[in-house]
Structure formats: C-alpha cells, structure tokens
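Peer 1: Residue-level listing of the chains:
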Amino acid sequence: MGPLAPNGIISENTNMFLAFFIGIAFGWVLESSGFSSSRKLAGVFYGYDTVVLKVFFTGAITAMLGLLFMGLFGWIDLEVIYVNPTFLTSAIIGGVVMGAGFIMGGFCPGTSFCGAAIGKIDAMVFIGGLFLGVYGFAFTYKWWEKLYMANYLGEPKVSKSLGLSDGLFGFLLIVVALGMFWAAEWAEKRFPREEY
Amino acid sequence: MKPLKLLAIFVLPLAIIIAAVPQNKTINSTRIAANDLLDDFNSKTQFIAPDAVADMIVKKDPALRLIDIRSQAEFEKFSLPGAINIPIADLLSDQYADILNQDVKTNVFYSNGTLAANEAWMITRQLGYKNNYVLEGGLNYWFDAILNPQKPVSTSPDEEFAKYDFRKGASQAMGGGGAVTAGPAQSSSAPKPAIAPLPKKKKAAGGC
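These protein sequence lines map, in sequence, to chains W and R.
Every position in the first sequence, counted from 1, becomes a number in my numbering once 1 is added.
Every position in the second sequence, counted from 1, becomes a number in my numbering once 532 is added.
Any given hint could be a false lead.
To be verified - Examples of chain R residues toward chain W, derived with CB under 7 Å: (1) 540; (2) 543; (3) 551.
Rather than coming from a laboratory, the hints here were simulated on the basis of the structure.
Even glycine gets a Cβ: it sits at the ideal position worked out from N, Cα and C.
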C-alpha cells in the first residue's frame, strides 16, 4: 500500500497538507519537551541534561520499529522510501560544522525556529546566522563543489554492509540506544548543574 | 516506574520480534503495477526505430546489444550483426540475468514480428529491469525498411530521401544492399558507398 504519495494513494498536495500538520505537531513536541531552551540543548554536550539525545533517539527507534513492522505487514514498501544519498566527506564536514554551531549557538535548526516562535531573541539571531550560512554556501558553491560531491556512497545501509537483516540490526540498535540512555542518565547524575 | 524502564519494557519485546521474523519479501518494489505496465505498453516507449538501431550497428555503438529472442535454429539461419541469442523460453534462466538486468547497455529485443519481442520486454519490465527495448516492426519490417529500402517517389520530402540514402548505405554496410537474395559475396566486392549520417534524433525514451 504505502508509501502513500509515491504510490499515488494521496496526491502531492495532500501530502504537503499532511506535512504541514505533522510539522506543527513536531514543533509542539519540541516545545513541550523543553527544546526551545538553548541551555537544555547545550546540556547534552556537557552531560548535565541529555533530554535531546533521549527524545531524538526515542523518536528514531520508534520510527524505525514502526517502519519495520509496517514493512513486515506489507503496509509499506521500504524499498521505495527516499533515502538521502551519502556523500561521506561532506557528511563528516557538515557534521562537525553543525555540531560546533550547535554547541556555540545552543540550537539546532529545528529548535531555533521553535525558540523563535516563543519569542527568544537568541534563537532569532541563530536563524539569521543559519540563513547567512545557507546563502553563503549557495553563492560560493563552485568553490566547494568538489569537496561537496566527494566520496559518494549511494544509499548505503548499515545492516546491508554488516550482512545483517534489517530486523536484527534494528534490535541491536535499540539495545545500544537503551544502553546509551542509561549512560546518559548516569551522566546527568555525575555532572549535575544547578543554575540553569 | 522510571521512564527508561518503561521504554525498555515497551520496545525490547518489539525489537526481539522484529529481529526474529524473516524480512517480508512479498512486496517487491521492482515489480510494477499492472496498470503502469499497461500505460507503458500503450505509450509504446519500448519501441526503438529500426533506423536508430541500424545507425548504432553501423557506428559500432558499444552500448547496443541486440538480443534475438527467437529459437536457436532461427538465430543461426539469420541474425542481425552482433546479436546474441536468448530464446524466449530461456529468458528467465540465471545465466542471462546479468545481461537483462543492467544499466550500461541498451538491450534491443527482436523477433520476426514484434509479438514475441514485446512479450520478452513485458517480462523484463515486470521484473523492473531497465534499458530493454523492442525493435519496432521486428525483422520483417527490418528487411523491408533497412535491407531493401524502396526509393521514395520524387515528390517526397527531403527527409524521405535522406532516410532512403541512409538505409541504402546501412544495408550495404551490413551486407544487404538491395541484394539480400544475392548473398553477401556481391556486396563485399562492390565498393561500399558512404553512409549518409542519420539526422540526429532524440534518444529513445526510457521505459521507466
């Protein structure tokens, strides 16, 4: 049956319409999890508050389990789902830049909009920087093009390169995630911070 | 209860189940829906014109791979230059999978008419293979159009003459030359006429 839009069950416009409401719900969840606070977001790097890690990883494993089960029941064709192609070099550089910006700015792109929506000035400044970066990259694209396109790997799957089934890899990832949550909660106790 | 424990109690059993069940292979994305196949079939994008094929043969285009899907006996009696033989009965045998399922070469199926070649194309299309085409009109039309081209009437537009010149040249290059019945000996002794280039046409539209 699914995915709905590529299989023509719902139109592209309906798809965008649904995405609009899902986006609002996403913002609501971010805000109610406290993600509009840059102190909370930066906390994951210092260990005093790991809610970012827990919320996002829980989201990821929930979606993964959902997709795997829907695939198992034949509700969705996992092969049709769009997977971002991997350009290894730019993924690494982008990860470093994004991580550094995350620590310094105290927001990631989604949460900065969340913060701006409730009137936080630092979040608005962050969005300004975000647009500067986007336009700066776009206008100087030809300088970066080679680097940007380097080490193209297609659409690799970790499960495939390890020779595991998707389900088994999912299981291992969930075990690792639960271990990580446990370690994160330990870190919260180990590096408490009172003043934020 | 702590949220972490609650989460573990909820997701771990699901994780164990998903690890233990075999992957669902019943929905194969490469297979296409019947109505899509019918659309493709009706739009006739699977056909590649004999002139385009002749042009590729003459230019020794490395991308071209002609696949004769008739029986081996028929193949040995006559085949197009460079063609390989995959009798339609053996189409799905493993030894041909790499030939049919690839994205480098342009496979062109042909049979006497187009019926059998279309069948082969539909089967490969159903399997999601790309770059497979059908020689329009089949060998019968090939004989009429390429190997024994009829001179157009004098009132025909220039393109008709260009096409005729190309076909005549191509047929001689391939050992025909309006002399299919006379055998190849004659054409090899005769000087080969220059083959007028075929007017540039857009690449065969993909069937996907």
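Peer 1: Compare the structure with each hint and give your call.
Peer 2: Evaluation of the provided hints:
1. Taken as an interface hint, residue 540/R checks out: its beta carbon lies about 5 Å from the nearest beta carbon of chain W, inside 7 Å.
2. Hint status for residue 543/R relative to chain W: holds, with the closest Cβ pair at about 6 Å, below 7 Å.
3. The beta carbon of residue 551/R is positioned within 7 Å of a beta carbon in chain W (closest approach about 4 Å), and the interface hint is therefore held.
Violated hints for the displayed structure: none, as all numbered hints are satisfied.
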